Structure formats: structure tokens, C-alpha cells
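Trainee: So you can see what is in the structure, the chains are spelled out below.
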Amino acid sequence: MGDKRKPSNAVWILGIIFLFLIFIPPFAPRFFTYILGLIFVTSLVAMSLNLVVGFGGMFQFHHGVFYGVSAYATALVLTKTSLATWIGFMAGPIVATLTGLIIGWFCVRLTRLYFGMLQISLGSLLWAIVFRWYSFTGGDDGIHGIRMPSLLMSLNNSYYFILAIFILSLLLMYKILKSPFGNTLQAIRDNPQRCEAVGINVRRYQLLGILIATFFAGVAGVLFVILERSVFADLLFWVLSLEILIMCLLGGWFTFFGPILGTAIIISLRTFVGKYTEYWTLILGIILILVIFFLPEGVMGYVQEVLKPKMKEVKQEEKGIDASSGIGF
Amino acid sequence: MKRILWVSSLCLWGVIITLICLPFGAKAQGPIKIGIVDTYSGPPTTYTYDVRDAFKLAIDEVNAKGGVLGRKIEFTTRDDKFKVDICLSMAKELIMMEKVDILMGTINSAATLAVSEYCKGEKIPFIVTFSKSDKITGEKGHRYVFSVTENTAMIGKAAAAGLAKRPYVKYWIAGDDYEYGHALADGVWGNLKRLKPDVQLIGQSWWKVGEPELTPYLTAISAAKPDAVIFATGGASMVNAMKAAKATGFAERIPMFIHTATEHSTLAPLGLDAPEKVIGTSNYHFYYPDTPKNKAFAKAFKDAYGREPKVGALYGYLAAQFITRALTKAGKMDRERFIDALEGMKVDSPVGEIEMRAYDHQAMLPMYMGVTKKVAGYPFLIATDIVTIPASEVMPSIEEIKKVRGQ
Amino acid sequence: MLRVESVFKSFDEFMAVNGANLQVEKGEIVAVIGPNGAGKTTLFNLITGLLKPDRGRIIFKEEDITPLPPYEICRKGITRSFQIVNIFPRLTVFGNVQVAVLSHQRRSSNLFRSAERIAVKETREILETVGLLDKENLVAGSLSHGDQKILEIAIALGNEPELLILDEPTAGMSPEETQKTMELIKRLAKMRELTILFCEHDMEIVFSIAQRIMVMRHGRTIIQGTPEEVRSHPEVQEAYLGEEYARG
Amino acid sequence: MAIGWAEIFCQFLVGISRSMILFIVCAGLSFILGVLRVPNIAHGSLYMIGAFATFSISKMIGGTYGFWVALALAPLLVVVVSLIAERLLFCHLYQREHLMLILFTFSVSLILGDLVKIVWGAEYRSVSPPEILKGSISLLGASVPRYNLFLIIIGPLVGIALWLFTTRTKIGKISRAAAVDREMVGVLGINVSWVFSFAFLVGCYLAGIGGALVAPTVSITLGMDHTLIIEAFLIVIIGGLGNMWGALVGSLIFGVTHSFGVLFWPQFAIVFPYMSVVIVLLLRPRGLLKSVW
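Protein chains in written order, with the working numbering: chain A, -4 to 324; chain B, 18 to 424; chain C, 630 to 877; chain D, 2 to 294.
Honestly, the hints are just simulated from the structure, not real lab data. Predicted model, so just to flag it, every value in this text is computed and none were measured. Warning: the hint list may mix true and false statements.
Stated by the list, open to error - EDC-like, lysine to aspartate or glutamate: derived pairs with alpha carbons at most 20 Å apart:
1. A:Lys270 x B:Glu293
2. A:Lys170 x C:Glu745
3. C:Lys705 x C:Glu657
4. D:Lys135 x B:Glu115
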């Protein structure tokens, strides 16, 4: 993947998938367009979470708050003010990042489980505000039927918009992970103490990591509003955050694309198994346990493991370098 | 290597596409499809199961007689786990993939409003069976949404009408801290103040939904010595409130009004441990009204499922009646004609004739106010001294609806 | 260059460092020796800021660094390796060293350039010096123990320190590896004009390369001086070195 | 609004009685966290199973003794369930990273939740307290439910029993040692796997007792596991991970601040638990009492 001269197989595969995704809406049933859109949005949150959990090693337990706050910010600007739509779209990520700054500033002072539980408490305070402030946020009824500009009214158009932003965000996140900052973040995950010893202000980098992650969660929040045109207090509840975390872990938290896979698995499971049985959570639980026992690095981690030797082979043929860095595909 | 990847990925996608497209073959004149998305896990099932079961009972009967318009009626359910996002995507799945003709269900208000907005865009009739928000057919009402259940505005009116006849002056309001609780409290209080201007509100307490221990709240309330307390609570908190009222002896000292306190869903799980003398309102009791129609309905339900019908059963029955009648009247499965037929339709039910008000698509239900009491022969408490508050006193006026809709 | 002035540190009841004094001049190789639990590692943790002393001062280049957090002390020019392997196990060997180099160049927060193209030359240079260049693309966690210890030192070099602190650099190594590592340390000191402070169990090594030695016991400095002075000090002989060294 | 001393006193007692149930459950959670380092999300499910089992058993036996028999048997049923889960699943995973353990215990809680639904159905259930504990008694002018007084007595008893277990019995001492240093216990020639298994069961037994004790005061429903588990984790965190007395302090903070919050500022009682956690963690980032971690 790190090969500089020739696009690797991974790039080819991604290209094929991308072409495929572009041609979905006109041909596949509408529901699939919608579900794919939902998978993009949710996996963007999951991937942004993975920036800090999988690559930053932080116990970001209440990531859903930033997603929800952004969705609410967008929804409020669109429904309560007469500002232009794009301002609403900008407001989401900005508010999410600001929230991330405040919550993160407190949280980076603590470590691991303490970090996570403090975040849950702070996030739950925000949830309580959204939940209680009926006149402003609509309380637990939420805000529904949010008007979109005519360009985004049709499902197909919003699908393309979501796809475009999604891919753009992925490229950005990939770039960030491959940047010096990304390396440093992973170093902090592996060994924060050693990082201090080589002159890295661990807390500051963790906070920066949180800001980046919350920004992308904010982007996902806006996309959620575009897709569903509804916001509700559940978005900020800790259960959703836990689900997002599960998606990361299921897909493979040390891999870049793992969270997408995890999200896709969980969403498809609940949509397609939910048709046949109420007990889809039971099936989900069993699948998760099987994954933990047999694929400890998550599904994508396993796929990578299987593919890696082959890739090495290919690269050796091409006299390439085996650059199996921290970021797998 | 590269070719293998190409070919395999193409094959994979090919398989997926085929799988996706299989169920979407040409659709013949099959059955009429109804989709129900509701919460079938967790506490709300106390209510939703009855809706589903009574609906099934009624639909089975119709199908046994050959269905409607020569077509059978088929329904399919989805469990949304009481989560708005899941509810929304399941509703979309029912509409886009199952291609249901009519959508039903939802007990979660936020989910109902979200689905309602979606149905408005898709022009799919949506029949709300349990969600109590008055925004559904009020402020956010539209052509495609119908409600066969009471809403907070109706509860408020009915409760106020009942309470105004009682001598209490100093009131305390307590309840679940969520939209339903607040809307209900505001509804009762606003109407009560209008009917009886000398009532005073001396304090309020709100607890989080699902709060297990209500004794502290009750202690705080009895400290203020109100004449009566209005509890705006529902679901699992109902049972908690009743238990705490019993344990502290609160119900003995201060009269308390709780909507649905007299309802069988609340009283059945408590058995004989429920407090007496609690004032409650409900749309339905399996023992009241004491008419042959209701008796037959309660018996049929009990024969089929081995339990007495609760209020949900009435809603499920009403939904089935309205749908089948409206379809018959429409003459064919056409959504617009179905809606036209449904507006203003009257159906017979265990609680008498019920009209679907044409203006706001709200079923006009009467309310029964009673007081809990131990009665020999029942393994649980039942409501006594029942006063019927007719639908005309329960329904918000069309002017009020117009006002909230900003017309 | 570095002065540790009567530093104290206790954990609960246990006095880990009980009035230690140490002086390191520029360009020296100084060893700290002492039995297990003498407080050597604690002393190093105090100097590099991982722990804060209860009392006492640590002065580096005429500046009091006692209250500074570890990362700032590192930026002043002190880096260290750890006794127990303390690397970034999921990163490549190259990545491990690069993290330190980037941090030294203050480029860690660069978000949008590809890390593959930054600081490559400097990183490779260090890897070449320590002899790990051929393994640069392996994941660090998969290296042998000996190589990981070398990588420890390489990471510490990434910051181009003036004072390099090595906490038992040869712990757990085979005799040959030990020999090689010691050669490396001597070479480094010469090539990069490093000041080195290290602690070590193997007395042979200590006396062969250290220019001065500090002896610790029960958290206290017994003596600091040239190998000859230390060898002849009665308390050291009795307490630590034992008969063999006393004679030899 | 005038609030008399009687109300304040009563509120205090009720707050403490609520703390006691939290304490019993959290002590179990904390014990498992301390010895096994497993953040057990399924703990809430076990508590729920305890409550449902209490319902079934007391209904089956009926009469005056129904509840007491249930109080004795329901936690044992929970232990059986957790023994199966431990031997089948948990014991293979103790060395995994915390996040993986969270994922794993979450999956177990999903499965247990659905199993409870299959066994007991989705209806509300309700257990009545035994005759002797029904009603309330007048105490300094305030009426306090007898059952709450019973809880105030039983909480410390369970606490003392747990304390005696960890300090006086051999296996308790070993588990405490294992909490601090696993390798050492292994070196001593003790089968660590069985120590862990036993410690896990003790923790789960406490969850079962908590469930059985809470049963008469609430409606027993699916989903009661979710409401509890987040509070339990917050309590364990502010008390100090793995510290039993920490669990007690944390529970008291939760129970009492909440009850007083209700009395003085009812509209905002919802935020008190979260606020107290934020304040504690900002002032003492590793919890109030010493953590064994």
C-alpha cells in the first residue's frame, strides 16, 4: 500500500468498488441506495472514532455525542434560522469540533478507563441538555422533516453527495494517518510513556487527535441530517456510542477500512436478519463472540492477514519494498 | 494475481446484485401488504404485543372470509428496539423493499414523528397505533398520517374534565422527564386551569425515564402537602410509581391521578399489590363498557392468547377495522382513494362507534375515568366508579388544531 | 553538564531514592552501579521527569529542570533508553526511530505531508549507525530481544541528545550481543560527541568503558569517582563489589 | 416550599437504601475488575436475571416464605449461569485488551438479554415484598418504607461478609493478591484459572443478590440491565477501580446526592450523577480511594 511507484492491488480493488458504488442508484432498488448511504454515514463516524481508538489508543467511549451535536447544530440552523444551507452544513463540524475541544481538554488529563468514563459523564450532561431543553431542541421528540435544498431532495442526489463527501473524508483521514502526525499518534497509542521520553507532548497530540476525530464525526452528523432529515436525542445517548465502538472493534480497529466493514456487517445484519426474527441481537452477539475468539484483530484484520503473504510475494517479484506499516488496508 | 482479484471481486458483486434483485421480480396481484414497525423488545412490549395480537385476530377473521376486494391482507412486523434510527431505517425498508401498501405502528414518539415525515414524502398512509404525542395529528399532522390512539392533548382534556369535578385545589405535578410526561402534564394542567380557575400548582418534580426508586420523590411531595398529585408518567415508571405509592402509603394520604393507572397493563403485573384509591383514565377496560360487543371481543382475545386484552388491543382492533373498511369503500388498493375513504369513516368497536375525524385524522375515542379498587374474583385490582368522558369532551377542537398548525 | 543535588523520592513508606548526588561533565561516560533495588532506575526516571522528586534539584546546563514535564526535558537535550524494552511495537523499525526524529525536528504535528518523505535521511542514518537498516521495514514487535534493545538506543538517538541515558542497555542479551552493544555505545560517544550516563550489572563492562562511576546503595550515593577510586573505596568493596574486585 | 428535618432525614434514609443496592452490585463489578481486570458489561444482565429469577421463584413458592427462598436461590441461579459463561467463554479471554473485553462482555449481555426475553417474555414483572416488610413505619415524623430500612441493614451485612471473605479466608486472600500481582500467585503453585473463576463467581453472586433485593421495589423489565450498568461503572470509577470500599463511597455519593437533588432541585435531578462523576474525576483522576490497578 505504501508502494510509491505503482498503484497496488488495493488501489485497484478500491477503484472497482468505487465505480460500482457510482452505478448503484440508477440500477439497484432504492432501498439499497438508502442503506448504502446509511452505511457510509455510520462508517464515517466509526472511522473517525477509530482514528482515536484504533490509531490513538484512547478510550473514546462517547463519540456519538459529537455526531449528535453536529446533527443538531445543522438541524437547528436549517429549521430555526433563515441562514443559507451551507452555513448549516458548516455549523455541524464546527460545533462538533468545539465540543470535542471542551470535552477532550478535560479527558486527556486521564487515562484509559478513567478517560472513557469521564467522557461518558460529560457527554451524558450534553445529552441531558438536549433531552431537556424542549423549546430549543425539541426534547426527546427531536426535529423532523428538515428541509433540504432542492438539489439534495432526491435520494439519489443525496446519495451522490454523501458518497462524495465520504470519499473525500476517507482520503483526508488516510492522508492524516500517513502524515507525521498520524505516525506520532500511533506511537502514542503504542507507548505514551516512551513518547514523552522522546519529547512529544502526549496530551496535546491526543487532544489534536480528538479534534480531528470529532471534526469528521461532525461531517458525518451533517450527512446524517441530509440522509434522514431527522434528528433526535438518541443520537447523543451512550448506547449509540457503544454501538459505534463495537463496529470499530468488529471490523478491525488496527486497520483503516475495518470500521466500514464492521458498520456494514452490523447494519446489514439488523436490516436483513431483522426481517426474519426479533432476536437479531442474539445472532449479533453470537457473531461478535465468534469474531473475538477466532478473529482477534477483527474481520478486516483477518482479511489483511490472509492477503499479506500474497502481497509480499507480488512485491518481491516487482522488487518492491515490503512496507507493511501500521496502516493496513 | 491482479486478474484473480478482478475476477473474484466482479463475481462477488455479481452474486450480491442477483441476491438483491431476486425479491423484486414482477409483482402479480398478490395480497395487500401492511407493514408494522414497532418495539417488540423491552418494556414497551406490554403495549405493543396487544396491538399486534388484536390486529392479527381481526385480520385473520377478514382473511377467513376471503379478504378485502378479493385479496388477502398480509402483514409483516419489524422490531425497532425503541430506537429512532432503527425505526426509521426499518420503516424505509418496509416501504422501499417490501413495498407495503400501508404502514402501521410505533410507540416511540420521536420515531413516529420521523416516520410520519417520511411517509408524507413517500405518500404512504401511516396509521399510528400507540404513540401519544399530540404533534402527530396536531402540529405535524398531514394527509398521510392517522392515529387510532389517544394523544396527550386528549388525555389532558379528559383528565381535566374528570378532575374539575373533584374538590382539590392545591396540586403538585410529578412525572417522567421526557416529552410525553411534560406534554401530558401541560395538557392536564392547562385544561384544568381553564375549567376551574382557582386551582394552584404548588410544585413539580421530574425524574429520569426508568428511574427505579421513586420513594425520594414521593417523600418530597408529601412534605409539601398538596390536595392532589398529577402524575405524568407511563410505561415501566408506572409500575414503579404505583409500587412506591403503595410502600410509602402515599396513595392512602394524598389522592393521586395517573393516566392509565386504572389500565390493565399497569394493574396486571402488580397483582394485588397495587395501591387502592388511585384515580386513573383509560381508553379501554376488558370489563367496561359492559356491552355484548366488548364481552365478545374480550372473550375472543382471551381464547386466542390466554390473557385479557389491554388497551393496546383496542387500538389494534380499531386499526384493522379502519383499514379493511376503508379499503372496501375505496374499491381498490389506491392510496389516495384509501385516504379519502378513511377520512370521516365510522366503525363499530368494543367501546362503541368510533369516528376517524376527517380534519386531523384522529380517531375520536371516549375516555373512562375510574378509581383503583380490590374487587373479589379478580387476581388484580380493577377500576371502579367509572365515569365516561365522551369523545366530544376529549377531542381538541378543530380551531385548536388549526392554531397549532399555524393556519 | 548535569547535576543531581540531594534528591529524595519515596513510594508510600519505601524510600527509593534517599539523597542521591550525581555530577556528569560534558563528553564523559558515567556509569551508575548498585545492587538491585538501589534506586538506579528511579534516579533515571527522576532525571528524565517521568517521576517528580519529593525534594532536591536536578540541573542541566545551568538550568533547573526539576519541575519540567518529560517531553520538555527531552527537548533540552536529554534522552534515554529503558531497561525493559519500551518501543512502539506496532510501528515499523523505521517508524519507531522516525517518531523521535520528527519530534526533534518539531514536525510531529504536520498533518498533510506524507510521513514517508519526511526525515528519511536522518532516520536512515541513525539506523545505519546502529546496524538496523536492513530491518527497517519489519514491525518492531517482531524483532529479537537483542535487536529491540538496540532499537531502544536508536530511538533515543533520534532526538540528537547531548546527554544519553541508558538504563541497562545490555539486559537480557547474549554475551556476543553485549559485546557488540558496548562497542556501539563507545562508537556513538565518539562519533556524536555524546555524554553518556548508564547503569549496568556487568561489572566488567562498567569498568571497561566508564570514565567515572557512581555507586548507589539504598537510594544513597556512596561515592562518585574514577574506576580506581571506586574500586578502592572500602564501603564499596565491602558492600557491593565483593572479594573478587577488591583483590583484582 | 418548606422542607422540614423529617423530610430531609427520610430522604437521607431512602438515599442510603438505594445506595445499598448499588453498592452490592458495584462491589461485585469492582471485585471482578480488580481481580480479573475484566470490565464486565454483562454484569447488568446478571443483575436482571437475578431479578427475574426472584420473580419466578417467589411466585412458584408463594406465601410468606416465597421471597426469602427466592432471595437465597436466585443469586445461586445467577452463579450457575455465570459459571457456564465463565468456563465456556470468559476464561479463555482474560489476557485480552480492555477494549476487546468490553466488546466481548457487551456481546454476552446481548445474548443474555435475548435469552431472558425468551425465558421470561417481555412483560413487566413485579414481586411483592414479604408481609413483614410491607408498608412503612414512622420514624422521626417521616414515613419510611420498611423495605428500605431492611435494605439499609442488609447492605452493610453484605459488605462485611465480602470484607471477611477477602481478608480472612485463604481463597479471598489469594484473589486479593492476584489483583495486585498475577504472576506471583501463579508462582506460588496455585491454579490461577480456578482462583479467577471463583472470584468471577463471587462478583456475579453479588450481582444476583442485588437483582433479588431490587426486585420488590421496581418493575422488573428487560432493559433494566442497561440503566444499571452505566451507573455501576461510573460508581466503580469514582470509588477507585477494584476497591470495595470505593464502591461503597461511590454508591453513597450517587444515592445521597441524587435523593437530595430531588428534594431541593427536582427539575435537574437527572444531571446529578454525571456532575458528581465529573467533579470527582477532575479533582482525583484515579478515583477517591486507592485503586488496585
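Trainee: Determine for every hint whether it applies to the structure shown.
Mentor: Hints versus structure:
A threshold of 20 Å between alpha carbons decides the hint, and for Lys270 (chain A) with Glu293 (chain B) the separation of about 43 Å lies outside it, so the pair is violated. Annotation: proposed proximity of Lys170 (chain A) to Glu745 (chain C) holds, straight-line Cα distance about 11 Å (limit 20 Å). A distance of roughly 18 Å separates the Cα atoms of Lys705 (chain C) and Glu657 (chain C); the hinted pair therefore holds under the 20 Å criterion. For the hint linking Lys135 (chain D) to Glu115 (chain B), the alpha-carbon distance of about 53 Å lies beyond 20 Å, and the restraint is violated.
Going down the numbered hints, you'll see the structure goes against 1 and 4, while the others check out.
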